Amino acid sequence: MTPRPLRVAIFGATSGIAHAAGREWARDGAAFFLVGRHEAKLDGVARDLAVRGASAVRAWVGDLTDIRQHESMVDELLAGGPLDRALLAWGVLPDQAACEADPMLFAQQFTVNATSVLALAARLASVLESQRHGSVAVLGSVAGDRGRRSNYAYGAAKAAIDVFMAGLRARLRGTGAAAILVKPGFVRTPMTAHLPASPLVWEPEPVARAIVRAMDGPSRVLYAPFFWRYVMQGIRLLPEPIMQRVRF
Amino acid sequence: MSQYLSWGRLPRVAPAKVVPLSSREQLPDLAGMQGPVLAYGLGRSYGDSCLNEGGVLLATRGLSRFISFDEETGVLCCEAGTSLAEILETFVPRGWTLPVTPGTKFVTVGGAIANDVHGKNHHAAGTFGAHVRRLELLRSDGERTVCSPEEHCELFSATIGGLGLTGLVTWAEIGLRRTESPLIDAEYIRMRGLDEFFALTAESDGRFEFTVAWVDCLARGTDVGRGIFMRGNYADVPAPLAARRRSRLVVPFDAPSGLLNRHTVGAFNTLYYLKQWRRHTRKLVDPESFFYPLDGIRNWNRLYGRRGFFQYQCVVPLESGAPAMREILTRIARSGQASFLAVLKVFGDVPSPGMLSFPRAGVTLALDVPNKGSSTLALFESLDRVTAEAGGAVYPAKDARMSPMQFRESFPRLEEFSRHVDPNFSSSFWRRVSA
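Chains A and X, in that order, give the protein sequences.
The numbering used here puts the first residue of the first sequence at 1, with every later residue one more than the last.
The numbering used here puts the first residue of the second sequence at 1, with every later residue one more than the last.
In short, the hints are calculated from the structure, not lab data.
These numbers come from a predicted model, not from an experiment.
Incorrect hints may have been included.
[Unchecked claim] Part of the chain X face toward chain A, derived, beta carbon under 7 Å:
1) S23
2) E25
3) R65
4) F66
5) I67
6) F69
7) T90
[Said to hold, decoys possible] Covered stretches of chain A (chain X as the covering partner; in silico rule of three or more C-beta atoms under 8 Å from a C-beta of chain X):
8) 35 to 44
9) 48 to 58
Cβ coordinates follow ideal geometry from the N, Cα and C atoms, glycine included.
Only chain X is shown next, with the shape it has when bound in the complex (with noise of 0.2 Å):
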């Protein structure tokens, strides 16, 4: 089987070929390769976006450099190959961290661009790919190009939440931003419904820099959009700076597929809810678990067995948010589908930088969906008439199964993104979508 799988590990297809590439300076000729090509990084998008079935992966990990960094303005340049986690190991000792993270810190720096990644501190920072200063893009016509928000300003736009479609990402030079302390001042709070989830928020999003609710997907009636609401700060004491760790926990193996059903997701998340029995607390947390809470175990994709797991992730404009978000939520919990890890976000009105870029202003709400076949992509195709209604969209990187109409009516610059498409690269998902 291939280890060249998205993290939903669906759909299981492989590529004709892989080249790792090790070195930025002696690059294959992309022209010259037996079908379309594209780059492959830690394979952490969900559904197909990384994959390439019956084409040609550039494995990008061997571009792991940093090139150079300067210590007035904490601009990093580094090849896109570089992971997030190298990148806070190295930097978070000297007191600079990343400016825009998602949830998993094994993602490289060209897959954050590719998908435009957001965090909990959308509101305040905008999308990773708003931190991006330059980055040298490779098409397949030889020619490498120096973008940034000035020169090939278009090229550059595309390239931002482009999906890797329009060349290979080299390098890239990122803003880092300067912490005191890595550590989190961080408040958990309990919320009944989604009404709380909106006041916390607006009450929230000018005093904290990182805002985010876990939800409840599987809570039904008067308990629908129950959840636990975190929002934090960097805290402005000094700490001892974050030593380097190591995962313990791996899943080495597939799980049975019925693992993750209704009743021991229904007991965990329950058993998760209570545990915030407080109405408020507040605590000093340190970033791998605020940030990266399952970064801890690895392979923990593998948990939903062979079949492997769907994520749907998406966003409705704050005007239309709270009813459509709420028959959303009682759609998924009417289906008894959803898994524990259902997040709820509200995305602040910093423009994002990509033509195909996903953040905008409104609500997101993302989780996880074990395949259960034709019952799953039902649920999903139910959610999308309700986010299409709303004027919403649905996450490509998170993405294995939407449709042609529901991808263009999510991203309207999409004939704009199109002309700057490498005639030479190609997706699984692009193909299917612009099928």
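So that you can see chain A by itself, here it is in the shape it has in the complex (with noise of 0.2 Å):
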């Protein structure tokens, strides 16, 4: 007997380094379940990992920022069967500048970054945990490891992400289910197409590589590059007095 295909669903699924990690799973045949905002995009996605072997592909189509829409949604994909992997890609890097001046603006990305990814990371893992099985990977980032002036908007959402995930860890600690927070450096993706070329700034396959991985074994944080683990433990030894007047 040939085992079933692995069961994956990406959130976000039109995001640089999660459709990376789509293709890393589709060459073995997994099925997905994609979600994405924008019809198009994720169409195109999922043509492209049919192309690359997956064994089915749904679409769903949808704002997750939508908190409500989550029940349906997770009806929808358990409707499917057990839920193997599950990865959480969505987010905008907010305009630092435009936040301060818009507390509105910046509650909204809060919520973009946030409140609607631990709102289902929490559903996910409920149901991961009665299935005894299954991993939850969430895109977190270094930026959430400590709070600095060029973009403590981004950086506060990265860091209630950082502190709900611990809680998960433990939480799902001999349930056989696991929980991966992932804190990817600098990646070259959509988001980042504005930065400029710079050996500290990496191609989304590896990132991609490293999650997929990590996502078989047990819950852990996983710095992807794994150098940026280092270079955050300096930054956060800076002290605070330091950390005011440093502007990046």
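Assembly of the complex is requested from the two constituent chains, each provided in isolation within its own frame, with the hints serving as guidance.
What follows is the structure, encoded as structure tokens:
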């Protein structure tokens, strides 16, 4: 008997890292449930994964920041069978200055990057807990490790994810399910297209491979590329008076 | 410094703006850009045909989705920024491969179309463009046109080999080739000169899908044209299908400019030639080392140092081929400027589909030359004259310096082509040769 295909759900499936992760799973014949806001783009990803070897692809078009839709979406997801992998990969890079000028904008972007993500992570964690199997990965960021002058609107949302996932790891311990917090460094995606070239900017593919591998194992925090763990340890150790003065 | 350089790393010019494309459905308004636009894929053109100084580059690597694949016919539809490496990775394990491949797999489908690239099987399969079934072209007036040999065939023919000047290719359909095994049953034959090269070609082209020769361009006198003739077919034994290989060696920075000089390269070439001490060897080789020997070393172009390098590639018709090629090789050897990468191949007479396609029946030579300024340019001008007198052509994808006249003489359908150029598209190359 051949093993059944891995059932993979990707939320925010058109993002650069998520699509690259999908390609890794597709090569091994996974069955997908893809969620995205933009129908044509989502269809492009769905077709790409199908050509690359996905055994099935279902697409669900909707706004993930609308938390009220999560229940029906997850119902539809589970109608296809148990869930093996869930990757939560949506987010925006807010304009820090605009968020400072407009608190409503800040709150709205915080919902996109944190509240809506954690609401779905919580819902899926319960599914995995009762299945006693599967893993959920959430894209945090190195930006959540320390508040910085230039992007603390983004960093605050990612820091919320950090604390939530620490709790989730503890909750899932011993259940057979796993929670993975991914902290990518700078990755070349549409979100970072404006950044200049640098050895610190990695392609999405190696980051995606690290995520897919980590999701086969137990709960953990994954820095991708790995060296960011040490970079961020250094930055966390900077004394507060210095952090108040640096502009980066 | 701009990361959007060409493979020869010269000229070192920068675009005013780079617009990354990430979705076929949401493409920018190409008429509303400040300055002329040009698509840029993986930057493997050697000279300035992929550059657009002061203009806008559309970075196409974000358009890399597969759209459909027909398991029966092998027709793959994919976005134009997809690399040949990505196609091989996905389809070789399923028993399909590229119908035509250049010497590197790190080119995009769009780039392969725009330069109508060729490979070691040109005599059997023609150019890459001969395997393009259809493509979609986005023009700056916003119109999207599906072109093929049947519909909008003139625009199709202008776009194949059209140096990216007819608009933005968004997707293309390519007919892949079935293969039992990815391995190549290859033969390596020591050859002493041009006469042997032509004799081996005549004897091999009917029996071997792939033929090419490496030639030692520093050898002089009676050794002119010495080298190694390579020929092969896909092996007919099913073999374990290729696993992915990542390059392990990287050239992380520009080497000192004098690293590759006539002594180091001369020593390398002599050793490489003598390694083939047997007259004739035969072995099974993996496709990576047969088709892409240099892809294993990332950024090998940096070995030439900050001043960069030129590649010179010309083709001369077979009737005048032997004497003209002998003259070209003699002039190169006398200059002492050549590097280790020099290949000879006889193109077949399969017609190229593009108005500006470079491959045509004849013999072609390609070689790398480090940039030493005016002495290098003088060498090329002297080679241009031999090529022109023989009724030959110089390859735009490799060029950073040919004269407008040389370009016109190389491409008799230039005027017909020019009518299809999109008014908002241009390149550094195009402005240089249409001056």
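How the hints compare with the structure:
{"no.": "1", "hint": "S23", "in the structure": "holds (5 Å)"}
{"no.": "2", "hint": "E25", "in the structure": "holds (4 Å)"}
{"no.": "3", "hint": "R65", "in the structure": "holds (4 Å)"}
{"no.": "4", "hint": "F66", "in the structure": "holds (4 Å)"}
{"no.": "5", "hint": "I67", "in the structure": "holds (5 Å)"}
{"no.": "6", "hint": "F69", "in the structure": "holds (5 Å)"}
{"no.": "7", "hint": "T90", "in the structure": "holds (6 Å)"}
{"no.": "8", "hint": "35 to 44", "in the structure": "holds (count 4)"}
{"no.": "9", "hint": "48 to 58", "in the structure": "holds (count 4)"}
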